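Engineer: Read off the chains here:
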Amino acid sequence: MTTISLFEILVKILGAIVIAFLGVVIGLFYKGIDRKLAARMQARVGPPIRQPFMDFFKLMIKENIVPQNAVSWIFNGAPIMALVSSITILLYLPVGNIPPLLSGYGDIVLIIYLLTLPTIGMVVGGFASGSPYANVGAQREMVMMMSYELPLVTTVIAIGWKLSQVYPQFNVFSLAVINAHPIWGLVGPLGFIGAILLFITLAAVTPGELSKVPFDAPEAETELAGGILVEYSGRNLALFGLTDAVKTIVMTSLTVALFFPYNISHLLALSGAFALIADVLFFLVKIFLVMFVEVTFIRVAVARLKIDQVSFAYWIPVSIIGLLGLMLIVLDTIIV
Amino acid sequence: MNKKTYSIPIGPVHPSLEEPMTFNFEIYGERIEKVNLAPGDNHRGIEFMGRQRNPIQIIYLAERICGICSASHPFAFCQAVENAAGIEVPERGQYIRVIIAELERIHSHILWAGIAGHELGFDSVLYISWRAREEVLDLLEYLTGNRINYGVFMIGGVRRDITEEQIPRIRKTLEYYKDIYGKIEDIFLNDPTIALRTKNVGVLTKEDALRLCAVGPTTRASGIKKDVRQDQPYSAYADLEVKAITPDVFSGEVNGDVYDRIIVRLLEVVQSIQIIEQCLENMPSGEIVAEKKLVKLLNQLKKAKGEGIGRHEAPRGEVFHYVKLAEAEVPEIWKARAPTYNNLMSWVPMLLGEQIADIPIVIASTDPCIACMDRVTILNKANGQKDVLTKKDLHELSVQKTRRIAP
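In order, the protein sequences belong to chains A and B.
Counting in my numbering, the first sequence runs from 1 upward without gaps.
Counting in my numbering, the second sequence runs from 1 upward without gaps.
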């Protein structure tokens, strides 16, 4: 640790700023595409793709209202905590061939911890707003978080364990390692099925993590009028909007890193800067496809579940699918 | 055990309500322990306005009691006036009234289906059903000149005829709905997430429905075969043999839950299509209105004396109008009772014990129309506060009024 030079620190800081900026911009852009596609599937025209940007700039100039019986420092602090923690995760995620900026300073276990922070930020903000709607929303968000943690962790552990069997010499929970060794190539037919089950598990967790239909009970517009976010306005709401956009990128990137870490540059026989650009573009296409399946498509095709149904869905069917996937991968390894 | 409950207000303005109405809930965790309804936020004094206008002008007001039932209220009102003044409606007029009323039922039920989807967080259903609803609105515009507030009803008949060349356009719309009905049914009755959210939710037992005098699809979904068109056929319905629809026709059982209310409304769309087809086949020729000259009609009404009632099975249930004419320019009394008023108290047994998440869909499941329903608001002028009158207070007030009228 003592060997880090000043230059390296400067590079990291600059890199962090660039990644944060790109993460936010791409997140908002993808949110626009998501809204447009959802609208087309629902037989409406939909907002222009730049709508999330317009929403953001408009919210920034709007008045920031703090309710009288809110705990104002928590109320104002929660959105910042949520945004900062979600941007921090971006620094740990690999993009195409580029290893994570903070590679070596934390692995996927840290990411799982960090993923709970934006959620906790929203919960704390909800409880601090002093509104019964926000209170109910925050309770639901907590219940949901407790429900989807198990399947999420199962997925990650399964892949890490498999890697540890094949490459005992590596730090298997490092995303750089996971990114370099796709799971599909390491397993036999049984494990392949297991990996598919794990992917389904992660695909089911993603809408919950992002509070999208059918798992949007904490925000449920028609029930709780926005739930956690009901009292938020102006700058704070804009920050939560950014958090949502960044979290979408985080969750889709995580799926890509765990299951689809393939690159395109060697197929096209590119090298140098071109390879880099091709891989980054290919990565963007991949996270777009994952977002389309896990977020956009699911949210136009189903109704919202009640919170007890959400809990049940995550604890029983989704967890069982996840554990089954884990077991199949273990079996696959033991038999071979 | 000492349960700590907290209260959540829904309304007067809330995303799940289309109109202002206040609900106060006592909640334990996510479960509803106590429901308190507080209507009266949408009182417009329509009956008072009516008593300063002549009956033909009131039709215009009656149409605007409700934006969706804009054929049902004038239908019932015209019947009440005709009943009071002894006017006979020509047969062709009766058939046209029924066609417009049934077209309205189609558009109202499809509108409701969309709202139900929205309340469940299934927005795709909202957009798709409302797109399907456009077809019948276009037809109504073609027939009457307006998408809603048709302006067709007139005391003694209707104002616009349905001509021979308009009939193919009507048939085209009916065919369109027959074509897409399978899809609509598939979306609502076979979708697993909709079933999860609506089965065994908001149950209204047959006993409760009878006790609380619920009307319309709300009561039929609880297994009571109650339909004004069947029980006391009026207008052209007397020729048509309408049967009240209960959910056992489709599923073989009656649960009285939200899912059953969806079934009843969807089947009623099919029933309305059949009724309109029968009307088109059997429509007699002749006059459409008893008295064409409005001045003459007004004079006739001015001389009339007597009471009349008009009932109509609106999309939401029985709508009831009472009119008392007393040889004057304006009616002495005009009383309108919308179906939502009867269904109001059925929310209490439906909501008790359910979760917060069920509130929007259970409230929407009776297809409430608050603006139709709000007839009375009690204001204490001394302190400007709203008061609630108990049964005892109301009794006392009516005794006082009787003494005032007949000492």
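There's no promise every hint is true.
[To be verified] Simulated crosslink set (DSBU-like; lysine-lysine; CA at most 35 Å straight-line):
(1) A:Lys36 <-> B:Lys243
(2) B:Lys303 <-> B:Lys401
(3) B:Lys243 <-> B:Lys302
(4) B:Lys335 <-> B:Lys34
(5) B:Lys391 <-> B:Lys401
(6) B:Lys292 <-> B:Lys303
(7) B:Lys292 <-> B:Lys305
(8) B:Lys3 <-> B:Lys324
(9) B:Lys292 <-> A:Lys212
(10) B:Lys303 <-> B:Lys324
(11) B:Lys305 <-> B:Lys392
(12) A:Lys58 <-> A:Lys12
(13) B:Lys324 <-> B:Lys199
(14) B:Lys324 <-> B:Lys305
(15) A:Lys36 <-> B:Lys324
(16) B:Lys303 <-> A:Lys212
(17) B:Lys302 <-> B:Lys206
(18) A:Lys212 <-> B:Lys183
(19) A:Lys212 <-> B:Lys391
(20) A:Lys36 <-> B:Lys225
(21) B:Lys206 <-> B:Lys172
(22) B:Lys305 <-> B:Lys178
(23) A:Lys212 <-> B:Lys3
(24) A:Lys36 <-> B:Lys335
(25) B:Lys3 <-> B:Lys391
(26) A:Lys212 <-> A:Lys36
(27) B:Lys324 <-> B:Lys335
[Said to hold, decoys possible] Far from chain A, by Cβ distances over 10 Å, these chain B residues were calculated:
(28) Ser7
(29) Asn42
(30) Leu61
(31) Glu88
(32) Asp123
(33) Leu126
(34) Ile128
(35) Arg131
(36) Glu135
(37) Glu175
(38) Arg197
(39) Ala238
(40) Gly306
Treat the hints as calculated values from the structure; they're not laboratory data.
Source: prediction; values computed, not measured.
Ideal Cβ positions, reconstructed from N, Cα and C, are used throughout, including at glycine.
Engineer: Against which earlier hints does the structure fall short, listed by number upward?
Structural biologist: 1, 3, 8, 9, 13, 15, 16, 17, 19, 20, 21, 22, 24, 28, 32, 33, 34, 35, 38
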